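Novice: Each chain is listed here by its residues.
Number of protein chains: 2
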Amino acid sequence: MARIGLLIVLSGPSGAGKGTVCQALLAKHPELVLSVSKTTRQPRAGEEDGVNYFFVTKKQFGDAVAQQDFLEYAYVYDQYYGTPRSIVEEMLAAGRNVILEIDPQGAQKVMKTYKDGIFIFLLPPSGAELRTRIITRGTEDDASIKKRLASAAREVTQASHYNYVVINDQVDAARDRIHAIITAETLRVSRNQNIIQDIAEEVKG
Amino acid sequence: MARIGLLIVLSGPSGAGKGTVCQALLAKHPELVLSVSKTTRQPRAGEEDGVNYFFVTKKQFGDAVAQQDFLEYAYVYDQYYGTPRSIVEEMLAAGRNVILEIDPQGAQKVMKTYKDGIFIFLLPPSGAELRTRIITRGTEDDASIKKRLASAAREVTQASHYNYVVINDQVDAARDRIHAIITAETLRVSRNQNIIQDIAEEVKG
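Residue numbers (my numbering), protein chains in the order written: chain D, 1 to 205; chain U, 1 to 205.
Note that these hints are calculated values from the structure, not bench results.
All values derive from a computational prediction rather than experimental measurement.
Among these hints, one or two may not hold up.
Just so you know, same-sequence chains aren't split out, so a pair can sit in one copy or run between any two.
[What the hints assert, rightly or not] The calculated BS3-like cross-link candidates involving lysine-lysine, where the alpha carbons are at most 30 Å apart (straight line), are: (1) Lys59 / Lys38; (2) Lys204 / Lys58; (3) Lys28 / Lys204; (4) Lys204 / Lys59; (5) Lys146 / Lys28; (6) Lys109 / Lys58; (7) Lys28 / Lys147; (8) Lys59 / Lys28; (9) Lys112 / Lys204; (10) Lys115 / Lys146; (11) Lys58 / Lys28.
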């Protein structure tokens, strides 16, 4: 019987570098499965449909909501983002470890549904660094940046509700810390009771 | 202010390979500190005083007990084994991560004292493998081996009280799994509340 996979939720404030770290993690550990979200927002330069997101219309998004096919979905900066439920659940049932890279608003909803999820909050090396990253992203006007800074400050304090915090001082280091967390979580006693029982039986001979 | 170090307790049944894995871990990660136990038993071939154990007389051991300088001590197979308390506590206060490599009897006592300890149970790849390792160790007579097998079977079931189980299928793999656990534990939100607060304050600007 395949062991149920881990649901790993990687979140953090806008500008913490979730996307970059997540791609580095998947590149080095291809056994992990990324849950691709659906969104109604426009693709940014270099983003591919079905890889970074499934880019859908508001009508298509609404239909999926009606069919209850979202693990969570959220309305952020005038756009919808959601995690398709059925794909994630199939992968977990098949024993695959699934990564959700989502914003804190979405992560909070998944916390309520998936108590067994592993919730990792990605932080920038410093608050000043986070300010800089948000300001220099350069895809938004001043009003949007102000909104994002205020939101980021609020979001950072939400880290307290997660299981782990990872500082994104260097992408490779952050990637390896996240992988260590995944390794450790697969070794938890609560996930290995069958193995313990089997070995105890065998020793008895 | 130095962060308090982690107390990592590595235990497991006799014959699981605790000593070998522990040495491999320390060789690769010299920042970890091994707590050297005191024992009244005779050194085995290759064991060094102050490295593997502090080899002491029963009188010396008794004096340390009287001075309450053991974190735990136990009487196993007619010999005393104990973890000197003061050295461990000094290292933890200095922010060092300290490894205790002790038998399950000792680990159970530490569990009661150190709720924040990380308890890792090392298992052989199979029960049959554990039987073979105990039988072929070759340092004991048949009666002792029988005693050890019965004890090992009981000990394996104790794994349920630990935080993690690590299968010792290959020494290097077991070493790396234990190191992943240590990395993950240092990233727990409960151990990083200060960092979260500091960053949140900075983002506010």
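Novice: State for each hint whether it applies.
Specialist: Verification of the supplied hints:
1. Lys59 / Lys38: Within one copy only: 12 Å inside a chain, 71 Å across chains, cut-off 30 Å.
2. Lys204 / Lys58: Classified as neither: same-chain Cα gap 62 Å, cross-chain 34 Å, threshold 30 Å.
3. Lys28 / Lys204: This pair counts as neither: shortest intra-copy Cα distance 41 Å, inter-copy 35 Å.
4. Lys204 / Lys59: neither (62 Å within a copy, 37 Å between copies)
5. Lys146 / Lys28: neither (35 Å within a copy, 46 Å between copies)
6. Lys109 / Lys58: Only inside one copy: Lys109 and Lys58 sit 21 Å apart there, 60 Å across copies, limit 30 Å.
7. Lys28 / Lys147: So Lys28 and Lys147 fail the 30 Å test inside a copy (34 Å) and across (46 Å) alike.
8. Lys59 / Lys28: Classified as neither; 36 Å inside a copy, 56 Å across copies.
9. Lys112 / Lys204: For Lys112 and Lys204, the Cα distance is within 30 Å only across copies (28 Å; inside one copy 42 Å).
10. Lys115 / Lys146: Neither: 34 Å inside a chain and 44 Å across chains, both beyond 30 Å.
11. Lys58 / Lys28: Intra 34 Å, inter 53 Å, cutoff 30 Å: neither.
Figure legend: structure checked against the earlier numbered hints; hints not met, in rising order: 2, 3, 4, 5, 7, 8, 10, 11.
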